[in-house]
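Number of protein chains: 4
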Amino acid sequence: MKKYVLLILSPDEKGLIYKVTSIIFKRGLNIDKNDEYVDSEENRFFMRAEFSGETDPLALLAEIRASLPERAEVKLEEIRPKDIVILCTKENHCLGDLLLRYDSGELEANIKAVVSNYDHLKPLSEKFEIPFYGISHEGISRQEHEQRMLECLAALKPDYLVLAKYMRILSPEFVHHYERQIINIHHSFLPAFVGANPYKQAHERGVKIIGATAHFVNDNLDEGPIIAQDIIKIDHSYTWRDMQKAGRDVEKVVLARALNLALHDRIFVHGNKTVIF
Amino acid sequence: MKKYVLLILSPDEKGLIYKVTSIIFKRGLNIDKNDEYVDSEENRFFMRAEFSGETDPLALLAEIRASLPERAEVKLEEIRPKDIVILCTKENHCLGDLLLRYDSGELEANIKAVVSNYDHLKPLSEKFEIPFYGISHEGISRQEHEQRMLECLAALKPDYLVLAKYMRILSPEFVHHYERQIINIHHSFLPAFVGANPYKQAHERGVKIIGATAHFVNDNLDEGPIIAQDIIKIDHSYTWRDMQKAGRDVEKVVLARALNLALHDRIFVHGNKTVIF
Amino acid sequence: MKKYVLLILSPDEKGLIYKVTSIIFKRGLNIDKNDEYVDSEENRFFMRAEFSGETDPLALLAEIRASLPERAEVKLEEIRPKDIVILCTKENHCLGDLLLRYDSGELEANIKAVVSNYDHLKPLSEKFEIPFYGISHEGISRQEHEQRMLECLAALKPDYLVLAKYMRILSPEFVHHYERQIINIHHSFLPAFVGANPYKQAHERGVKIIGATAHFVNDNLDEGPIIAQDIIKIDHSYTWRDMQKAGRDVEKVVLARALNLALHDRIFVHGNKTVIF
Amino acid sequence: MKKYVLLILSPDEKGLIYKVTSIIFKRGLNIDKNDEYVDSEENRFFMRAEFSGETDPLALLAEIRASLPERAEVKLEEIRPKDIVILCTKENHCLGDLLLRYDSGELEANIKAVVSNYDHLKPLSEKFEIPFYGISHEGISRQEHEQRMLECLAALKPDYLVLAKYMRILSPEFVHHYERQIINIHHSFLPAFVGANPYKQAHERGVKIIGATAHFVNDNLDEGPIIAQDIIKIDHSYTWRDMQKAGRDVEKVVLARALNLALHDRIFVHGNKTVIF
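Residue numbers (the working numbering), protein chains in the order written: chain A, 1 to 277; chain B, 1 to 277; chain C, 1 to 277; chain D, 1 to 277.
Keep in mind that the hints are not guaranteed to be accurate.
Pairs count within a copy or across copies, as identical chains cannot be separated in the list.
Claimed, not checked - Listed next, the in silico DSSO-like pairs over lysine-lysine satisfying Cα-Cα at most 27 Å (straight line):
id	residue 1	residue 2
1	3	245
2	33	245
3	19	2
4	82	245
The hints are simulated quantities; they were obtained by calculation from the structure and are not laboratory data. If you're wondering where the values come from, they're calculated on a predicted model, not measured in any experiment.
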């Protein structure tokens, strides 16, 4: 029996749940999981349903669309492991953590490749038999470098790009190729400490807590929709290097948590915010 | 326009959401908030909906019941502030915290009275103009003491009894009068350290984290369904008195959080567990 | 037997602990608690000792000073409950929480008075028999208002001013009267969301965690040395009003924790940071 | 210049800090870090100092010992990376996490070998070029199996044995060979849910928080001195398998944190508790 996931983001109206569940019920499908949320201030309705059974998904999608307000966004997909590409630079903790989850079967995704602007993590990727593409940024323009990356990615067709401590800023042109498909881990509790060296900034400010933020990448550095955040407590005895070391544990866990939500189609993006079921 | 809350706990079947939402839609009512959860292992369906509009609640309830499996439990109520009675002994932090929330209008409930086996907290209750009933347990049997408590409570007709550090064990006979209506705060991270003096037990065991647990009271001491838990980190420098002092902050916050969930009909009890929307 | 607390902040040198403990030992005093920390980057030595016994504190202080580098700052005090004044505006949760701790004897301080620019919290203060001074800011200049506050405070001679949700900005002139003696609770995880309406800012940014920060007040709004921070997790379903409500629980606990550290002379301020023992 | 760490656990007396620091000072050594703690209830003094300089460590140790009460325990060591052996069974997350930290140079230890009762994790160990010894427990007695383990370990001479989800109970005989040298990760917030299948137990009890505990192994299962604990929040929607999956993230981080403390000689064990600097 096939399994599907349905995502609806629509202007709110009376009867939406009834209309959608009635279509599903009348086709004899079984709803395994269902969530709704209404943002009253924005008058938005969010619905996510997992269901199973035999159906013609295109016809079903058309019928659901027809029952909803005109400006509703609807997505209906068979549930399957997504394809991802991991981008990284030199630090091994986020990449390694994802590779271990992949190795144990916990990560429900296909890692198509690792792409990096340095070769430092080639041995690690190859230990887990993941193709590694080193695309150096040295001696070429940002534009040229991104062009080479895009060519490489075009062949891999990933559902998501995962920036696992990829330490270069992506241009809006690059980002537009993968709108809402790029997940980054930022090593601070955003919006505190945007930009470079957040641990140094945090050390200078004398904070008692540091954090990490996983977010979708959009045109504005560190300002994309936040998916997950977590923190750890520190004290005055931490140098910024200690913060960096301690921070790695929260970075890798937050990135994995955010990716897992994306892989299961549990994230809606609306404006600059996420709704997560 | 009136507001209602509907709670359904039912054996799971295909089409339950559709059936219930169709009844609500056809009566022209507006669903403001809707949550479902299916416990697949136990084959249980949980649904909570808030809706508004003009309707005959008894007729609506009857129609919903008729559409559901025979063994479904259904509750439909107009949304209103509940009546509570707070039981306490000598410590002021949980009682005081609830009184402050009441005073600022944050606690959406009527505190009908404070009942205690000592008079220590009478002045505090009276500062906030809440009737205080001191019912001493001294010189009388447990049975006799509980009898006096029950008489006092019978006149007050509370929706919930809140044990805000009430340091006596209630007999099953007493509990049966207020099944699923008594909320207790236990000063440990249950099921660790059941029984008396949990902070002393925690100190002896050398734990690095202490916690608090709010739960419904049932026949077995500290074994009722858990509603909310939280923790704070400690270290070797804490004596058990320090733990007790630090623990108060988590106790009062966890109790208030659990009570707030109960006041808004957001808790289902199934077996010895809670499902919370 | 008298109890003393000694605080030393000094350029670091070899033998400082030895020199200080030797003076204390030779006078037959007993060290009950001792902490040191060296900030190697800044070459600063921090030491805090509690000791007990009979001694001439002025002579002891002079001897310790003489043994230390010239630019060392030394403070030696008999341990005693400090005097505090609480400033507030309209919200009751931080003030009420401190009053309850005072009422139970947990707060080891004398609350000399509550001062507010509104009269809303007069009844609450009076419930706990604390003098309340309403000093309205309406119809007068900031300068004039602060002048009236300073006159009121001059008579009360507080060790610390506690801003328990005091919603006005204090001028540098005011702050200079109480350098490192004013503790504020800011309702965000600083340095995120400085300035007005942090919960609204947080809501707009779509964060998944909110926090509170207790800090000393200096000339720059929300930029003083941080004493304590804590957070709670939220999700998309929180309106900014919900955040505000949830945030109160973390605000009051963080403020009380920071005040407690100050009352026990456990905080050093160095530059814009704190070292806490 | 050489670096040393000094650990003292002694009955408390007046002047201990003075005596020890005076010996260090008079030899011209430089204290880089110093911590003390007095457990007043038990009348125990704990001191840990890191210092640097040229000295004869045996003579220094003798002089310090002579200055202390007879029953004092003193340890003085040159600071060096410790040797560890990791024991595991089938789950890869704790082992993999340690290997990644090792690979990046973050783990300041030599991993001498991985030892397991199954061969499942042989490929993972070998990816990182760590010798793997599979010592099956099948078809032989517990005694015989442990004998083979001990023979293997005797040749490796580890400072610490790290039980990275090693799913067999060690006999007291085995433990006595490595008193206070075996660190285990237990997948619950001890003392809740001792013994087998803690996540199943936690699921059954309906807790709202799960945790992990790293502890030294002693004769009594899950009752050794606790080194580190942490938790994550869950809700009713977690099956025990979901708890297990979520729990892995906290297990690996807590184990790494505890190991790091041991590797830097930051843990004292006194009775069944730890004091950690």
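Going down the list of hints, with the structure as the test:
1. For the homomeric pair residue 3 and residue 245, the shortest alpha-carbon distance between copies (22 Å) is at most 27 Å, but the shortest distance inside one copy (41 Å) is not.
2. Proximity of residue 33 to residue 245 under the C-alpha cut-off of 27 Å is restricted to the inter-copy arrangement: shortest distance 20 Å between copies versus 39 Å within a copy.
3. Proximity of residue 19 to residue 2 under the C-alpha cut-off of 27 Å is found in both arrangements, the shortest distances being 22 Å within a copy and 24 Å between copies.
4. Within a single copy, residue 82 and residue 245 get their C-alpha atoms only as close as 31 Å, which misses the 27 Å cut-off; across copies the closest is 19 Å, which meets it.
Consistency with the previously given hints is maintained throughout, with no hint failing.
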